[in-house]
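Undergrad: Chains as they are written, first to last, in the numbering used here: chain A, 1 to 401; chain B, 1 to 401; chain C, 1 to 401.
Simulated from the structure, these hints should not be mistaken for laboratory data. A few of these clues could be false.
[As the list claims (entries may be wrong)] Stretches of chain A that chain C covers, calculated by requiring three or more beta carbons in the stretch to come under 8 Å of a beta carbon on chain C:
(1) 84-98
(2) 203-211
(3) 349-355
(4) 359-368
C-beta atoms are modelled at their ideal positions from N, C-alpha and C, and glycine is treated no differently.
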Amino acid sequence: MNSGDRTAGGGAARGSIAPSRQYQPYIEAAWGFKNAWYPALFSAELAENAVRGVTIAGHEIALRRIKGRVHAIQDRCAHRGVRMSLRPRCFTDDTITCWYHGFTYGLDDGVLKTIVASPEDPLIGKVRIRTYPVEERAGIIFIFVGDEEYAPAPPLAADLPVRIADDANPVAHILDDNTYVRGVHRRVESNWRLGVENGFDPGHLLIHWDNQIVAATDRRMGLGALPISEDAIKIIDEPNGPKGMMNMYNLRAYKFFMENAAIGMKARGKKPYYARTSVFLPGLLLVEHWPIPGWAQYEWYAPIDDKRHEYWEVLVGRASNDAERREAEYLYDAFFEPLALKDFNDNDVFAREAMQDFYESRDGWNAETLCAFDEATIVWRKVAARFNRGIQEPPARRTAR
Amino acid sequence: MNSGDRTAGGGAARGSIAPSRQYQPYIEAAWGFKNAWYPALFSAELAENAVRGVTIAGHEIALRRIKGRVHAIQDRCAHRGVRMSLRPRCFTDDTITCWYHGFTYGLDDGVLKTIVASPEDPLIGKVRIRTYPVEERAGIIFIFVGDEEYAPAPPLAADLPVRIADDANPVAHILDDNTYVRGVHRRVESNWRLGVENGFDPGHLLIHWDNQIVAATDRRMGLGALPISEDAIKIIDEPNGPKGMMNMYNLRAYKFFMENAAIGMKARGKKPYYARTSVFLPGLLLVEHWPIPGWAQYEWYAPIDDKRHEYWEVLVGRASNDAERREAEYLYDAFFEPLALKDFNDNDVFAREAMQDFYESRDGWNAETLCAFDEATIVWRKVAARFNRGIQEPPARRTAR
Amino acid sequence: MNSGDRTAGGGAARGSIAPSRQYQPYIEAAWGFKNAWYPALFSAELAENAVRGVTIAGHEIALRRIKGRVHAIQDRCAHRGVRMSLRPRCFTDDTITCWYHGFTYGLDDGVLKTIVASPEDPLIGKVRIRTYPVEERAGIIFIFVGDEEYAPAPPLAADLPVRIADDANPVAHILDDNTYVRGVHRRVESNWRLGVENGFDPGHLLIHWDNQIVAATDRRMGLGALPISEDAIKIIDEPNGPKGMMNMYNLRAYKFFMENAAIGMKARGKKPYYARTSVFLPGLLLVEHWPIPGWAQYEWYAPIDDKRHEYWEVLVGRASNDAERREAEYLYDAFFEPLALKDFNDNDVFAREAMQDFYESRDGWNAETLCAFDEATIVWRKVAARFNRGIQEPPARRTAR
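All chains, full assembly: derive it from the sequences and hints.
TA: Here it is, written out as structure tokens:
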């Protein structure tokens, strides 16, 4: 469709091997990467004794909190395949019961403990549905999603941002004590990869040009940043720990464009601003010193299926006592959520959904024409292709086995 | 998807041949069974001279009532394929005219009698669309749906419940005189087979546990019933008559569960209650002595296409004079329809629609894990596989011939 | 599905070769004919400096008007495939900028002039997206849609109605001076061919039988017209000019049916009325002397995709001075638009949408049963099959190249 591809397409301009071949597993990961920790719900969304269903990378999962602890179990009854979370029934503390015929499964092992309508059934004790490892940290319930036989699950910290030992001006890590953590999550109608790539894209400043947080705080928004040194993008490869990449924004490694003469456009805003972006497997953005210095924004783009992702926007700041927590709450409610998580990031959501049909129906992964600043995107794709723990198969293929 | 299948799946537990192989024609009958009588409309829904269109098992059919008699004819004009019922036009008593170009067909033979815009057309008298046999009984218009060349149609009674000769406490049959017959029908978003199987399922008491009719009448609801003798399920195989099966609920043939110790659940309600369920080809449930003794509920699950069925709920009681008819009407309006046909059966509709995506997209017919009380379901599937008069092809395949 | 096909189907009745084989390219033109002029917007719909996106035959096109002139350019950014018209950004008079990363293309040549976020990018000057020829005439913006390498585009007049040199009672041509041109366009949920064929169909009088314009003006509506001479339908084949066909309505060439005895129906209305219909490539209807003598109705059925078309209804009359223009405006507002373009043509829209599923899902192009008056339809199909400048490929196929 795109004559650009034929006349001066991205691939040919960057060498004789199409870049997409260099990260083929990433192209195939429409349903996400498996064997990884994903956020499922905020802790506050699952009250004591409540049951809720979520879908992550095609896995339908029911969560139940009992005596404070969260259990995650396959949200399809083995019998007739209905989702148990549609009409939650629980008769004991350690089971979940399907509302239809009363198949009752142990929350810890998934084993069929009884059938309400058939207490002596031969299937009891033999049939099993799967359960999922759960970690609840920092007010978020995480689930380890992937192959049941993949065990043990790596620690949650392996799928969170790396800790930089010698950081001059560090932000709090989400697993630290004495933090204030809040956020939102919402469904976005695009593949999860368009979410990740939009998140740390160094060239998409135009959609944030006139955002309220930028205008109200008079921040200096450059037009773009071009990596010019080998150090510009740092690969993160911790043994048994996080894998990802970090944009090392500084004047040695990047060229910053403050104007574009061809269209008469100059950077706007007077107050200089610094933020650092990194991205980690299985698809998690960290923006340090955003929306204000000392805070950090975490973003997960958890695949729902191959066309939609759950977009998590979480802010982490330090707060050691009640006064600091009240101040953090004030900032979150009056400033961070409306201006950063909503107004600013609404533009990112718009952009991801605008890309979807091109990548879904028009062979976008091959038809796109990447430019200089997309170096960061290509590095991410290669990192993701290399370090993932497996490509999630679609549900139908799992069933067909 | 379902680890239960791999660890202790239903199939292996019941012998070396997968049960689904034993009723393969049933698995293939996504569009229903053909060459059978299905309800199309209540008589009251088709006034004198009115035209209405229905879809049964993919057959689009126009009904017209003239001088009291109902005619059923293909609801696709041969010319450009529009549905004639979209804008009914009739110029004579014995024809129906397509609203677009005026192709006019004989109601009795389907032959093209004239074309409004082309009175001398060579096609006149040569082109023909098909007509369908119609029977109107007990306030219901039935149509014989299937192959045009299947003739003669068997009697309507062959596709209705069997008459039990020596029944100690019989209910009225829908074809009897002196009955009161009323009901509703509605579209359900599930395959028709999920309707049938839900209807007489002996293990789905949990969804009716707290229904208004159960609570208000203090009925004793057992938890489940397990067939324990060869006599538990009676195959109905009348020569030239109904084919189906009947649950012979009694203490010799069934074990009734009144409690489930594993989850501390006991049968509720004080008043004992008896009802008998049977099911007949092409997919018709009879519940005798329901919603109260002496009455019977008929349910048809008429396929619309492979994803939806028209759910018919019809009550039949005895009424020999005006006073009895007034009493029946009072019971129907104030009790039966709101508490039985609506509140109680709404739960069944919910369950069928909850199963649909598992059976449609997740290979449910093979991935399901049936349990002991599903013996009744398996017997029904085998009966249906054996006695049907043909599997309905989807419309596209019919066209492609 | 249609027993008519088997018993006396259209094909066999008209010779040993199925008619559909005689116009096979037409059957394949689900996405329309390419390399042709189509209307995109009324001039009044694109204000100075405005940007709007349209879709014609699967081509997504952005239009921008600057200093009065309209430019048409591919509405997919080469970079990440978003539609630029979603959030129009323009920084200079001769470019359009993608709102996402600032790819900025020359309106005249489609060449990438700069990238807002990457002013020194190697892609600049090398990548190109395509542009489309534009003609703005008679208050309508036309775009030449098809292969980029098809050049030069033929003159717009080649895709408009032919001018009849010796016409006794001519109407104004849309390219004439001193005309009054107004109309509407709307999306119709049918393939574009069902639009064309409905437009000049000589047998669809029944749907207009009781229309307001017919009843209010007491027009004489015959039941149908049958071509009886070789001169009935005139093929238009101008060298380098319009291709199409014209119904030569007159008593020598046509038999007009004023009654149909079989159903007791006679022509209604007292005032005789004359109109002439013709149709031209790529799919344009002309009805001369409609809705009143001296006026003409143009109708385009511009494919959007293979299931929808944009239906253009445009009236052309003569108006040489202000008084005549005021009179024309009065007639248009109070008479033509409500009674002709809306009430009358609403019935045509209904008919096209009623045909869609038959032609889309039921193999309608082969399963239809054409009759005598469909001679005109068959001639149109053959003309279209013979004279088109190419069959539009669907977008996916274009991408896959």
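Undergrad: None of the hints should be skipped; say for each whether it holds.
TA: Right, here's what the structure says about each hint:
With 0 residues having a beta carbon nearer than 8 Å to a beta carbon of chain C, the segment 84-98 of chain A misses the requirement of three or more and the stated coverage is violated. Note: the segment 203-211 of chain A has 5 residues with beta-carbon separation from chain C under 8 Å; the three-residue rule is met and the coverage holds. Judged by the Cβ-Cβ criterion of 8 Å, the segment 349-355 of chain A is covered by chain C as claimed, because 4 of its residues qualify and three suffice. Counting residues of the segment 359-368 of chain A whose C-beta lies closer than 8 Å to any C-beta of chain C gives 7; at least three are required, and the coverage claim holds.
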